[in-house]
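Build the full structure now, drawing on both the sequences and the hints.
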Amino acid sequence: MAAQTHIKVIVQEEALDPCQATEDYQTSDVATGKYGGVVTFVGTMRDFNDGHQVSEMYLDYYPGMTERHIEKVCEEAAEKWEVMNILVVHRHGAIRPSDPIVLVAVWSAHRANAFDACRFVINYLKERAPFWKRETTPQGQRWVEHNTKDPAAEAAANNTVGIRRTA
Amino acid sequence: MAAQTHIKVIVQEEALDPCQATEDYQTSDVATGKYGGVVTFVGTMRDFNDGHQVSEMYLDYYPGMTERHIEKVCEEAAEKWEVMNILVVHRHGAIRPSDPIVLVAVWSAHRANAFDACRFVINYLKERAPFWKRETTPQGQRWVEHNTKDPAAEAAANNTVGIRRTA
Amino acid sequence: MNIKVRYFASMRDRMGRAEDTVSVDGDTITVTDLWKKASGGQDLPASTLIAVNMEYTDSAHAVKNGDEVAFFPPVTGG
Amino acid sequence: MNIKVRYFASMRDRMGRAEDTVSVDGDTITVTDLWKKASGGQDLPASTLIAVNMEYTDSAHAVKNGDEVAFFPPVTGG
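Residue numbers (my numbering), protein chains in the order written: chain A, 1 to 167; chain B, 1 to 167; chain C, 1 to 78; chain D, 1 to 78.
Keep in mind the hints are simulated off the structure, nothing from the lab. Any given hint could be a false lead.
[Claimed, not checked] With beta-carbon atoms standing in for the labels, derived distance ranges: (1) A:Q53 x B:A152: 52 to 58 Å; (2) D:N65 x B:D99: 57 to 63 Å; (3) A:A156 x D:D27: 24 to 30 Å; (4) D:A62 x A:D24: 43 to 49 Å; (5) C:N53 x B:E82: 28 to 34 Å; (6) D:N53 x B:A157: 54 to 60 Å; (7) B:D99 x A:P63: 36 to 42 Å; (8) C:A46 x A:T27: 42 to 48 Å.
[As the list claims (entries may be wrong)] In the DSSO-like style, the derived pairs of lysine-lysine whose C-alpha atoms are separated by at most 30 Å in a straight line are: (9) D:K4 x A:K126; (10) B:K126 x A:K80; (11) D:K64 x A:K72; (12) B:K72 x C:K4; (13) A:K34 x B:K126; (14) A:K126 x B:K8; (15) A:K80 x A:K8; (16) A:K126 x B:K34.
Note that beta-carbon positions come from the ideal geometry of N, C-alpha and C, so glycine has one too.
See below:
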């Protein structure tokens, strides 16, 4: 399947207009009349987290590595489910409440595949993709901590993705 | 949950612009900064079905009944999964290949609920909603047949929806 | 009493019209008998679905004054 | 040989810089020893993640000339 799936991953600092991004990509890259549906997920910054007000978030990332790992996960999704196109656009840098942070769009002949692939990719992005959050709250700025007892195990898990790996 | 979920169902003959419809509804009806994500499904007319070319499709519906039954299914989804808003826009009348036919958009604080509710509603729309398709192929026009051995059982199933009913 | 009867999709083509207003003597009539009156004595085609006041029901349903009855083929979804 | 070392997020704040170029004698050096040189003899903080040439690896990894090594805290996702 992977060879037939077109994948595009963008990590950008500019504001994300999910509709425009989806339409532009669809017009230029998706075969007209061949797909039955497109499932999209748009993640938006909330104005609260863990019970406190968040006025701004800063997303750090590793240029090159972040895109490469997201692409690998899209390829993995395309091996599991027959889909035609996958588009991922993710913000980095300063983000304000109600800004769109991430768009995942999946085109497929059959909707079940599009739902499964979209959910697989966004779960990776939200849980394991190489991004680091710094929040600005009334108490000041803080890096969001995700404590790890075993960095070697976490590194291995991040490399293989494997959220639903069967092997 | 149903009381807290805002539901809007539109069946229209006019062309559907899924992006515009989603953005307009989001601007007017969805609480800013409170939802974490929106899952959308957009179904598009394909130019083939059962192996033959389809140049046009006509969708008949039952004004009043169709909307009412879709609303019931959205309410059922809102009882199963905590979601904030559900928007459904569905075309009727003459539809051409690559026209968007249906939009389902679900806003939620947690993405898993939005995925599940969106999928539940679109499965109903595609399988049980009161629409009837007439296709125009090189061989002429034909109503798409869905043969039923037991109309009473089908009627009961259509009333209860129950795709994943637990009782 | 008068009953509004509606036909959709291939059922409308078959009847050659979208709706009827059927005059009925008495307070109630079954869907089966209503169909007979509306169709000029035909049997209800197999696999026809029935809705009364926009809820699915069966052919034994007792129709009352002011009800709206619809006949249509199995739905195909959108 | 020269090794490019990069720091992200709280690790960049901790180091006070985004990257280093570390000069190393010999053909290879473990990530652990590279960190010691870059940090002025500190131990690698617990739960630090390591990538060499943008792939996750562990502190025993043998770094070679031209490799890019990155140190960062556990990812938080997007």
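Hint check results:
1. Between A:Q53 and B:A152 the Cβ separation comes to about 56 Å, which falls inside the hinted range of 52 to 58 Å.
2. Taking 57 to 63 Å as the suggested C-beta distance range, the pair D:N65 and B:D99 conforms, at roughly 58 Å.
3. With their beta carbons about 26 Å apart, A:A156 and D:D27 fall inside the hinted range of 24 to 30 Å.
4. Range check, D:A62 to A:D24: about 45 Å between beta-carbon atoms, so the 43 to 49 Å window is met.
5. Judged by the Cβ atoms, the range 28 to 34 Å given for C:N53 and B:E82 holds: they are separated by roughly 32 Å.
6. Look at D:N53 against B:A157: about 57 Å separates their beta carbons, and that is inside 54 to 60 Å.
7. Look at B:D99 against A:P63: about 40 Å separates their beta carbons, and that is inside 36 to 42 Å.
8. For the pair C:A46 and A:T27, the supplied restraint of 42 to 48 Å holds, since their beta-carbon distance comes to about 47 Å.
9. Proposed proximity of D:K4 and A:K126 is supported: the alpha carbons are some 29 Å apart, at most 30 Å.
10. Restraint check: the Cα-Cα separation between B:K126 and A:K80 comes to about 24 Å, which is no more than 30 Å; the hinted pair holds.
11. The straight-line distance between the Cα atoms of D:K64 and A:K72 is roughly 25 Å, inside the 30 Å bound, and the hint therefore holds.
12. For the hint linking B:K72 to C:K4, the alpha-carbon distance of about 24 Å falls within 30 Å, and the restraint holds.
13. Between A:K34 and B:K126, the direct Cα distance comes to roughly 18 Å. Compliance with the 30 Å bound is thereby established for this hinted pair.
14. For a cut-off of 30 Å, the pair hint linking A:K126 to B:K8 stands: about 29 Å separates their Cα positions.
15. With a CA separation close to 18 Å, the supplied pair A:K80 and A:K8 stays within the 30 Å bound.
16. With a C-alpha separation of about 18 Å, the suggested pairing of A:K126 with B:K34 holds against the 30 Å cut-off.
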